[in-house]
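Protein sequence lines, in the order shown, are assigned to chains A and B.
As numbered in full-length UniProt numbering, the first sequence has no gaps in its residue numbers, which increase by one up to the final residue, 330.
As numbered in full-length UniProt numbering, the second sequence has no gaps in its residue numbers, which increase by one up to the final residue, 720.
Treat the hints as calculated values from the structure; they're not laboratory data.
Note that beta-carbon positions come from the ideal geometry of N, C-alpha and C, so glycine has one too.
Errors might be hidden in some of the hints.
Label pairs and their calculated CB-CB ranges [claimed, not checked]:
id, chain 1, residue 1, chain 2, residue 2, range
1, B, Arg582, A, Ser190, 54 to 62 Å
2, B, Glu708, A, Ala298, 33 to 41 Å
3, A, Pro194, B, Gly92, 27 to 35 Å
4, A, Asn105, B, Gln625, 35 to 43 Å
5, B, Glu137, A, Asn105, 43 to 51 Å
6, B, Ala67, A, Pro304, 34 to 42 Å
7, A, Asp57, B, Arg585, 38 to 46 Å
8, B, Gly29, A, Asn105, 38 to 46 Å
9, B, Gly430, A, Phe4, 46 to 54 Å
10, B, Gln625, A, Gly197, 51 to 59 Å
11, B, Thr28, A, Asp57, 12 to 20 Å
One letter stands for each residue in the lines below.
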Amino acid sequence: MREFGYERAFGVSEAVALLGSAPDARFLGGGTNLVDLMKAGVERPALLVDVRELPLDGVGFTGGGGLRIGATVTNSDLAAHPEVRRHHPALAQAVLAGASGQLRNMATVGGNLLQRTRCGYFTDISKPCNKRSPGSGCPAVDGEHHNHAILGASARCIATHPSDMAVALAAFDAVISYETADGPGELPMSEFYPPVGDTPHIETALPPGALITGVTLPPSPVAAHSRYRKVRERASYAFAIGSIAAALDVRDGVVREVRLALGAVASRPWRARAAEQALIGGPANAEAFAAAADAELAAAEPLPDNGYKVTLMRSLVVAVLTELTEEVSR
Amino acid sequence: MTTTTGVAAVTGAVGSAHTRVEGRDKVTGAARYSGEVPFAELTHGWLVLSTVARGRIRSVGDGPVLAMPGVLTVLHHGNAPRVDTDYMGMLGRPNPIVGLFQHDRVPFAGWPVALVVAETSEQAREAAEALVVQYDEEPHDVAFHSGRSDAYTPGDTPIVKAETEKGDVEAGLDASAVVVDAEYTTPEEHHNPMEPHAATARWDGGRLDVIDSNQGSSWVASELAQLFSFDPASVRVRSEHVGGAFGSKGLSPHQVAAVMATTVLHRPVRVVLTRSQMFSLIGYRSPTAQRIRLGADADGRLRAFDHQAQSLTSTVHEFVESSAVLGRVMYDADAHHTLHRLVRLDVPTPTWMRAPGEAPGSFALESALDELAEKCGIDPIALRVRNEPEAGPVSGLPFSSRNVLACFEEGARRFGWADRDPRPGLRREGRWLLGSGTAAATYPSGVGPSTAAVTAEADGTFTVRINAADVGTGARTAMTLVAADALEVDPDRVRVRIADSDLGPAMIAGGSMGTRSWAWAVTVAANELRERLSLGGGIPPEGITARSNTAEAIGALTQKERHSFGAQFAEVAVDVDTGEVRVRRLLGIYAAGTIVNPLTARSQFIGGMIWGLSMALHEEAIRDQASGSHVGADLAGYHFASHADVPIIEADWVDDPVPGDPVGIKGIGEIGIVGVAAAIANAVWHATGVRHRDLPIRPDRVLCAADEARRRAAGGAGSA
């Protein structure tokens, strides 16, 4: 077998230092994605730095009333946390919609943000892939792309981001905290995943060697009135073919605040700002929701086999916003 | 003990629920599967598969790999022992893929090109992944679709007749008041038994000993002997426990590789396939493109029947997915035509997969029947009642027993079918549209010659020797019950030995023929033993053994249409926002002769039905046209039903006596899957008003079809 080193870190700076001590080192969270990729030969780290013992496993309030979620909080604990369920139900729902109970017990928040696409070309080292092997080509464009991106893709890569959790975080303007050898830093979700462009192998804006330490959810009253809906090809244990995180505040039939993020349509969670702008101050009805969805999806560039996603996302936007509106009215 | 002959009370073991006799070993992990049996000096082989879909091997760079830690040898076409694939096996000529490393030609992606053997499995794998094989690549063609101009009608085989025809179908269709003419497709599907294929081979005292996971150890032993030109008596194959097979576990490259390597190395060699390798090495179910034309009178009585089914095969071997055989049993018409067509592509050879032919064929045919019922405006069950044949539609032979209508009657009663409003698209519950559907099921009840031996031991117990294979179905337990009844003793006094080619030839666990075939041989031997014991006298230390061979009796069987039958019912919910289909209820009622062990039989029916659900909604292997190989060839990429997809499922059976039959047992291995996909597709139509003729019924297909139907309706209204 291919041998690799394994170190367990107990402090944040120790973890960062360990990672810097070897080329091709990776942080190991729950290992639910990384270990699979190692088995498939997609990842060949020389060293794994296990971060599960770091003191980053808590969820608590920030000074301003937001939530601070540690990077090593497991997906199961995050979804079960009473404050998360109360203030950001879509986040709890998104996490629960992912993977299986066993995987959620292992997977961490930091690892979830960094999971890799499940594009079948990316995970098969016998095939070209610009993300895995820059410059080798993207066979999905002319090949199997039934579940690939319709928004923000480039000819270099049309893979989608697999995380459900990240879609909810995008809707709630989460901020990612990290630590490097030079000190701490922060990235808002809107900047965390850069556009694909010509560099699909660069998946985050984290500086080299950075360790994600936590996620901050700013205070957001509208987030308490949110939901996540995931569409998949079987009832459980499958990645989304389309998903939506939505939060809505309606008074007197008028949209006062709305958050919309779409999943499984792009290389990153897709914050639907065009749709949000179209909705603010307008009526909360199916026609307006459809028009808002159309405003967002006008930029869609579907390929021969994933055009259904335009129909699906439009339908999801209307359905979920309608449900949220009905809940407000009750 | 009771050893009287004549009409005596049986123990009643057959027909009573019994847990598996080896169940405790299985749940405690004591049962060892073929990849787990320890051997001293064991070595490990790892297969290397071609990465190109067509071409020739230019070079195998074994030099650097031989220097890697633990590597013992690299076998490839330049150095492998010669084998002979020019023989007739039990099921015809062998698939050329078992002629391992005999030439430099690559006929598809995933063709085995080398075997690396090392001291450990990890070393073998690392070396195999490091082995550089260079190819001269040629253009390939893996595009399967209907209407390919190079499709041809294959020759008949003892297993599948390519075409049957009576009457004038075109004239029959012309004269029909109602016609259904529709095309249906099913995708490439894979067996994916939980236990991957694994074999350990070694030479032991001049005999080849193979520990394997297969559906018939006599079968595999005989094929290995012929392939390697070994004396058949020198080959022993054992297959104690098998974690699922479904048609995929006969002779495959892994056993051949293990035998080659142990012959070269003089050490035991184990070869285990990875999940991903299974997608190209062990066969699969061909995709199908089927056209069905039904012509009927206004009351639904069929005048014309035409089922044409196209499937694919490889360029090196012929396999026919016999989807068009159902009509030869189920429905008669004066004009009747069934036809199989094949396309040769640069892909692996398909093989038998649970209910080969009937599974995809029933999706098309039982969907078409539902479409006919809709067009005629009659109930789908009434349509089937109206078309119930007196005799085999093609053969004209009488049925040994045919209780399909009893299945529909009982199923309809339990499902609540009488309350069903036949109109589609009416029932709504929140965002879900609800619908129900039904379909018929059938599968042949065949039998194969078997030998058995039953011994009365001196301690008052009995030992049954029958070379059955228990592929997870409970065959070992079933034979225990059959023997107990025949011997008129309690089952716990009966010990059953199976899955060892030294036990003598017996039918394989395949084609739903195992239990019927083995039970016959066991019963004959047990009856003979009981008669001998009834003569009195003591039992010597070596026991008293009676033997049987059913070959002659099977040859003397009257020619009849012998089949199991069933009726499938499904209730589904379809999400109007997303096109997601969820099955809410499945009910299967079967007429399958004597049910030996209700506990394991129910499991087998339910397992088949879940597979049918999976086939309806999930399963689909994707082939990348550019590389000719799969995308997502693993259990993450190849979806089948998860627990959350599986609703409450009921399976039960009606009485199905088989007059004059020497066994009374029919097969139940395949029939559970037959018709389920059609029942679900028919329910989706009933829920939404839209027909789905392509499997799987994915959310995108449902959503887009609904969208298109809406647009058509709006367009129609606009022009009116």
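Going through the hints against the structure:
no. : hint                            : verdict
1   : B:Arg582 x A:Ser190: 54 to 62 Å : violated, 35 Å
2   : B:Glu708 x A:Ala298: 33 to 41 Å : violated, 22 Å
3   : A:Pro194 x B:Gly92: 27 to 35 Å  : violated, 58 Å
4   : A:Asn105 x B:Gln625: 35 to 43 Å : holds, 40 Å
5   : B:Glu137 x A:Asn105: 43 to 51 Å : holds, 46 Å
6   : B:Ala67 x A:Pro304: 34 to 42 Å  : violated, 48 Å
7   : A:Asp57 x B:Arg585: 38 to 46 Å  : holds, 43 Å
8   : B:Gly29 x A:Asn105: 38 to 46 Å  : violated, 23 Å
9   : B:Gly430 x A:Phe4: 46 to 54 Å   : holds, 50 Å
10  : B:Gln625 x A:Gly197: 51 to 59 Å : violated, 27 Å
11  : B:Thr28 x A:Asp57: 12 to 20 Å   : violated, 36 Å
In terms of the numbered hints stated before, the structure departs from hints 1, 2, 3, 6, 8, 10, 11, listed from lowest to highest.
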